[in-house]
Amino acid sequence: MGKIQYGEGHEGENLFHQLSSYCLRPLPPASVEATVSRGGRIVSIIRPALYVVATPIGNLGDMSQRAREVLAAVDRVAAEDTRHSGRLLSHFGIATPLMSLHEHNEAQRTETILARLAAGEAVALISDAGTPLISDPGFVLVRAVRAAGFAVLAVPGPSALVAALSIAGLPTDRFVFEGFLPAKAGARRTRLEAVAREPRTLVFYESPRRVADTLAVMIDVFGTEREAVLARELTKQHESVTSGDLAVLRAAWLGDAEAQRGEVVLVVAGAPDERGAELDAESRRVLDVLRKALPVKQAAALAAQITGAKKNALYQYALKVARDE
Numbered sequence: 032m033g034k035i036q037y038g039e040g041h042e043g044e045n046l047f048h049q050l051s052s053y054c055l056r057p058l059p060p061a062s063v064e065a066t067v068s069r070g071g072r073i074v075s076i077i078r079p080a081l082y083v084v085a086t087p088i089g090n091l092g093d094m095s096q097r098a099r100e101v102l103a104a105v106d107r108v109a110a111e112d113t114r115h116s117g118r119l120l121s122h123f124g125i126a127t128p129l130m131s132l133h134e135h136n137e138a139q140r141t142e143t144i145l146a147r148l149a150a151g152e153a154v155a156l157i158s159d160a161g162t163p164l165i166s167d168p169g170f171v172l173v174r175a176v177r178a179a180g181f182a183v184l185a186v187p188g189p190s191a192l193v194a195a196l197s198i199a200g201l202p203t204d205r206f207v208f209e210g211f212l213p214a215k216a217g218a219r220r221t222r223l224e225a226v227a228r229e230p231r232t233l234v235f236y237e238s239p240r241r242v243a244d245t246l247a248v249m250i251d252v253f254g255t256e257r258e259a260v261l262a263r264e265l266t267k268q269h270e271s272v273t274s275g276d277l278a279v280l281r282a283a284w285l286g287d288a289e290a291q292r293g294e295v296v297l298v299v300a301g302a303p304d305e306r307g308a309e310l311d312a313e314s315r316r317v318l319d320v321l322r323k324a325l326p327v328k329q330a331a332a333l334a335a336q337i338t339g340a341k342k343n344a345l346y347q348y349a350l351k352v353a354r355d356e
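When we follow this note's numbering, the leftmost residue of the sequence shown carries the number 32, and every step to the right adds one.
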């Protein structure tokens with residue numbers, strides 16, 4: 032679930048400029064072929080095509096039959112970590128050759144895969160765990176393959192994002208996925224402030240090393256009582272799911288050193304539609320004066336001392352006004 036930035040810099044630009052050479056070439060006709068997979072089954076597979084294949088996030092029993100068949104039938108599997116994925120394929124008796132595709136070589140590997148597709152091959156893309164492209168590499172590849180006119184096919188399956196949402200008990204009809212928050216404290220706070228008034232359910236991935244700090248900032252920005260769920264090591268032996276307000280989650284995390292490891296998904300309730308209703312006109316007036324001279328956090332704290340209004344309500348109101356200006 033690594034956070035990757037794509038499409039920036041000369042490497043990404045050069046790649047998309049080179050796509051024209053593939054778009055101008057006559058493409059090999061796509062065909063559905065009955066292939067004998069390395070497991071002995073007859074599998075219908077399209078060539079040329081890129082298959083985006085989801086793999087387990089922890090429990091190997093979640094590997095679908097179709098995923099196993101496709102991975103065994105394609106000509107090549109592009110994987111984030113070939114050693115890790117090699118063990119996964121070996122577990123299922125799949126001997127398809129692997130090639131690496133990760134943050135540092137995606138542009139180069141995209142050219143290689145485009146050439147293989149142009150030669151009529153079928154290629155599968157997998158990540159270390161879960162669904163490719165969801166906070167994992169693959170965006171550059173999929174975009175380039177589609178732009179070149181080749182088929183891109185999904186083999187859906189496990190996803191930590193969907194798994195956490197499905198068990199959180201928070202609204203799922205509308206949600207915002209923020210992926211991994213920035214590692215630097217200032218950038219992390221800025222990102223959280225940007226979604227502080229978002230009414231939809233929020234979903235974040237986080238490193239266990241930063242969970243305590245992130246929850247502390249969330250308490251400061253969202254308020255102590257915002258409902259949330261912390262899902263850790265989903266589908267694995269030591270899976271745990273903690274629910275409550277943000278303060279409860281942070282206390283539980285700090286109180287259990289053994290639990291402070293593994294992949295973490297934070298699901299946070301959306302903001303209530305307050306719009307400063309709980310603030311009287313005088314509190315808003317004082318805050319409006321102070322925020323012109325002070326940072327938002329300091330202005331809210333001082334306004335709370337002067338007026339007796341709730342600091343978090345003042346802070347949230349100030350953020351909203353700043354965004355609307």
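A few of these clues could be false.
Under the rule of at most 30 Å between Cα atoms (straight-line distance), these lysine-lysine pairs were calculated in the DSSO-like manner [said to hold, decoys possible]:
1) 351 with 328
2) 341 with 328
3) 342 with 323
These are calculated hints, taken from the structure and not from any lab test.
Just so we're clear, the structure is a prediction, and the values are computed from it rather than from any experiment.
Would you pick out the hints that fail for this structure and give their numbers low to high? none
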